[in-house]
Amino acid sequence: SQELEQSPQSLIVQEGKNLTINCTSSKTLYGLYWYKQKYGEGLIFLMMLQKGGEEKSHEKITAKLDEKKQQSSLHITASQPSHAGIYLCGADIGAQKLVFGQGTRLTINP
Amino acid sequence: GAGVSQSPRYKVAKRGQDVALRCDPISGHVSLFWYQQALGQGPEFLTYFQNEAQLDKSGLPSDRFFAERPEGSVSTLKIQRTQQEDSAVYLCASSYGGRKGYTFGSGTRLTVV
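Same order as they appear, the protein sequences are chains A and B. Position 74, counted from 1, in the first sequence is what this note's numbering calls 74; the numbers after and before it change by one each time, with no gaps. Position 33, counted from 1, in the second sequence is what this note's numbering calls 33; the numbers after and before it change by one each time, with no gaps.
It is worth saying that the hints were derived from the structure and are not from the lab. Treat each hint with caution, since some may be false.
[Said to hold, decoys possible] Not the full set, but computed from the structure, chain B residues with beta-carbon under 10 Å of chain A:
(1) Q37
(2) D56
(3) L91
[To be verified] Examples of chain B residues toward chain A, derived with CB under 8 Å:
(4) F33
(5) G42
(6) F45
(7) G101
(8) Y102
(9) T103
Ideal placement from N, C-alpha and C gives every residue a C-beta, glycine not left out.
All chains, full assembly: derive it from the sequences and hints.
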């Protein structure tokens with residue numbers, strides 16, 4: 001969706017390194033969802049952020065939503081092969097549906 | 001059920017054939033969404049139901065696409081006279097509504113040959 005820009009589109013990192021994926025909206029977000037997708041499969045829910053300045057963590061993954069609620073980042077610490085996949089941000093922009101970014105394909109090299 | 005169930009998991013259709021894709025949402029989920037995901041792209045919204053009412057079908061790409069949810073539970077996405085550009089993964093999601101989170105199914109991969 002042009003309403004949601006996700007970067008980078010592709011990311012290759014060495015195992016153990018940290019990485020960040022960004023998601024920027026042209027509109028104020030009512031909610032921001034992060035999903036992970038294995039090739040050809042469904043979306044696995046990671047985290048949901050709703051409040052400006054909110055930050056959530058699960059295991060080695062941290063997601064933040066900025067104060068203006070237009071930008072979110074997903075940070076992975078000490079990446080592992082199990083983190084490989086496609087990461088998608090989905091935004092609730094008040095239209096009773098999610099709009100998605102193009103996705104970030106993450107590859108972890110041993 | 002424990003999650004959103006979609007069937008079939010894979011579907012190969014000859015060009016011009018009609019197909020029907022099924023979505024069984026989580027019990028009690030009021031809202032149901034269909035998305036289309038082309039290879040290498042993010043999911044694109046197709047249509048949205050609240051119970052049995054189709055409240056938004058702005059994303060359906062043509063009149064060959066039709067969705068229904070007659071009893072407010074199971075939904076079917078039908079594509080008539082399939083074309084090669086219809087090849088994609090079709091994802092279904094459901095939620096309680098009111099921005100309470102969305103659960104996605106595993107999708108149906110449609111290949112039109």
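Do the hints match the structure? See the list:
Contact between Q37(B) and chain A, as hinted, is supported at the beta carbon level, the nearest pair being about 9 Å apart and thus within 10 Å. Annotation: interface hint on D56(B) holds; nearest CB of chain A at approximately 7 Å, less than 10 Å. Among the interface hints, the one on L91(B) holds; its C-beta lies about 6 Å from the nearest C-beta in chain A, closer than the 10 Å criterion. The interface hint given for F33(B) holds, since its Cβ lies 6 Å from the closest Cβ of chain A, which is under the 8 Å cut-off.
Hint status for G42(B) relative to chain A: holds, with the closest Cβ pair at about 4 Å, below 8 Å. For F45(B), the interface hint holds, the least distance from its beta-carbon to any beta-carbon of chain A being 5 Å, beneath 8 Å. For G101(B), the shortest C-beta to C-beta distance to chain A is roughly 6 Å, which falls under 8 Å, so the interface hint holds. Taking 8 Å as the C-beta contact cut-off toward chain A, the hint placing Y102(B) at the interface holds, the least distance being around 6 Å.
About 7 Å separates the beta-carbon of T103(B) from the nearest beta-carbon of chain A, less than 8 Å, and the hint is met.
Every hint, counting from the list given before, is met by this structure.
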